[in-house]
Amino acid sequence: MAARTLVIIPAFNEEESLPAVLATLRAGVPDFDVLVVDDGSVDRTTDVAIAAGVRVARLPFNLGIGGALRTGFRHAVQHGYDRAIQFDADGQHEVTELAPMLGDLDNGADLVVGTRFAPHPAAYRPGIIRGGAMNVLRLAVAILSGRQFSDTSSGFRAFSRPMLEYFAHTYPVEYMDSVEALLLACYAGFTVIERPVVMHERSAGRPSTRNLKLVYHYMRLIVVLFAMASLRQRRGARAT
Amino acid sequence: MTPRIRLIVLAITFICLLLITRQVRRRQMRASYLLIWTALTLVVIGLIAFPQGVDTISGWLGIYYPPATIFLAATVILFLISIHFSRQLTRLEERTRILAEELALLRLERSEPPPPGPRLPAESAMEAVDDAPPGAMVQPASFIDR
Chain A
-7 MAARTLVIIP
3 AFNEEESLPA
13 VLATLRAGVP
23 DFDVLVVDDG
33 SVDRTTDVAI
43 AAGVRVARLP
53 FNLGIGGALR
63 TGFRHAVQHG
73 YDRAIQFDAD
83 GQHEVTELAP
93 MLGDLDNGAD
103 LVVGTRFAPH
113 PAAYRPGIIR
123 GGAMNVLRLA
133 VAILSGRQFS
143 DTSSGFRAFS
153 RPMLEYFAHT
163 YPVEYMDSVE
173 ALLLACYAGF
183 TVIERPVVMH
193 ERSAGRPSTR
203 NLKLVYHYMR
213 LIVVLFAMAS
223 LRQRRGARAT
Chain B
474 MTPRIRLIVL
484 AITFICLLLI
494 TRQVRRRQMR
504 ASYLLIWTAL
514 TLVVIGLIAF
524 PQGVDTISGW
534 LGIYYPPATI
544 FLAATVILFL
554 ISIHFSRQLT
564 RLEERTRILA
574 EELALLRLER
584 SEPPPPGPRL
594 PAESAMEAVD
604 DAPPGAMVQP
614 ASFIDR
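Chain order of the listed sequences is A and B.
The numbers in the first sequence follow the numbering used here, run straight up by one, and end at 232.
The numbers in the second sequence follow the numbering used here, run straight up by one, and end at 619.
Among these hints, one or two may not hold up.
[Claimed, not checked] So the derived label-pair ranges between C-beta atoms look like this: (1) A:Lys205 x B:Ile530: 44 to 50 Å; (2) B:Glu566 x A:Pro22: 28 to 34 Å; (3) B:Ile485 x A:Tyr208: 46 to 52 Å.
[Claimed, not checked] Computed, partial: chain B to chain A, Cβ under 10 Å: (4) Asp528; (5) Leu562; (6) Glu566; (7) Glu567; (8) Arg570; (9) Leu572; (10) Ala577; (11) Arg580; (12) Leu581; (13) Ser584.
[What the hints assert, rightly or not] A few chain A positions that, by computed beta-carbon distances, are all more than 12 Å from chain B: (14) Asp30; (15) Gly32; (16) Ala91.
What the hints contain is simulated information worked out from the structure, not anything from laboratory work.
Where a beta carbon is used, it is the ideal one built from N, C-alpha and C, also for glycine.
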């Protein structure tokens, strides 16, 4: 029996870009179920998703991407999916990249992170501030996890069933959840790997956060990450 | 302490206690908070009755300037209370989040959200079914719970 796969798309006010993303998914991976988690949008995100014939879990207010993802993970666990993919609603991710990421899961990985920075023809180029901040984060993660991750904030990821079960209740809900999640997975002894992928510029809408707020979030995150370091002792005590 | 300042502090203490009691009576505050604040009030009243107690305690702690003892105690107590509140807030927020997530999943299970406003569930469900094209997922247009 083929593995059942759920594509989780957290969406906050993405009515413009969502239809095209859903169309590419239907064309590229028709066997996969798609769940759009409408994160308290005030536009027609839910309507366009329903029009495209996919499932929609609509949150009553905005929880941020972490909360939306956790909702998706719960759904995946409750409905017995073997694996899940996090896919962006704004067209940054490429459906053709899914197959190799899922292949990694089949080879025993629990968390596959699609990374923008590994050598690739259409390399992603962030702005100076964002790029600098990403370097700081990368350093912090390298110190804390003892591993090199080239892209700590990627939103293009694949999750194994045990990873989903773990994240259904523990997934971090504050901004830049992905960095915390990366460390959580490492600390809990899951197999985390990176895979280079192509990423596009955002097709519609604006980046979720401005620079000043970004600085605050990076500061907060650094504090949280080092506070989390005490969890490291639990490495190896993997919850399956 | 002059009698005047004692009287003023006593009055402030009682007014605070009265306000807090009223909040509890109106169910705007949990009774356990009344307990904390009442206990603190009793401490303040105790200090008004026996001001020399502060000197004694300062002597034990090795504080030369007795009023500093009061400031220290107040700072520590307020600090602890705000830590307690931060914890409570965090817990409340987490529970709210979980409720929101569960609500979204339940809506999905039912394939339709609860009706906006005070309409009866049965009524809106029938309307929605009437409006929907055959075989379509039933879900009314946007409503925002804000």
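Structure-based check of each hint:
As the Cβ distance of Lys205 (chain A) to Ile530 (chain B) is approximately 47 Å, the hint placing it in 44 to 50 Å holds. At roughly 39 Å, the beta-carbon separation of Glu566 (chain B) and Pro22 (chain A) lies outside the given 28 to 34 Å, and the hint is violated. For the pair Ile485 (chain B) and Tyr208 (chain A), the supplied restraint of 46 to 52 Å is violated, since their beta-carbon distance comes to about 38 Å. With its C-beta approaching chain A no nearer than about 42 Å, Asp528 (chain B) sits outside the 10 Å limit, and its interface hint is violated.
Contact between Leu562 (chain B) and chain A, as hinted, is not supported at the beta carbon level, the nearest pair being about 14 Å apart and thus beyond 10 Å. Against a cut-off of 10 Å between C-beta atoms, the interface hint on Glu566 (chain B) holds, since the closest Cβ of chain A lies about 9 Å away. For Glu567 (chain B), the shortest C-beta to C-beta distance to chain A is roughly 8 Å, which falls under 10 Å, so the interface hint holds. Given the 10 Å rule on beta carbons, the hint for Arg570 (chain B) holds: about 5 Å separates it from the nearest Cβ of chain A.
The restraint placing Leu572 (chain B) at the interface with chain A holds, with a minimum CB-CB distance near 9 Å, inside the 10 Å limit. Using the Cβ-Cβ criterion of 10 Å, the hint placing Ala577 (chain B) at the interface with chain A is satisfied: the shortest such distance is roughly 4 Å. Using the Cβ-Cβ criterion of 10 Å, the hint placing Arg580 (chain B) at the interface with chain A is satisfied: the shortest such distance is roughly 6 Å. Restraint check, Leu581 (chain B) versus chain A: the minimum CB separation of about 4 Å is within 10 Å; hint holds.
For Ser584 (chain B), the shortest C-beta to C-beta distance to chain A is roughly 9 Å, which falls under 10 Å, so the interface hint holds. The non-interface label for Asp30 (chain A) is inconsistent with chain B: the shortest C-beta to C-beta separation is roughly 8 Å, within 12 Å. At roughly 8 Å, the least C-beta separation between Gly32 (chain A) and chain B is not larger than 12 Å, which violates its mark as non-interface. Every CB of chain B is more than 12 Å from the CB of Ala91 (chain A) (nearest about 28 Å), matching its label as outside the interface.
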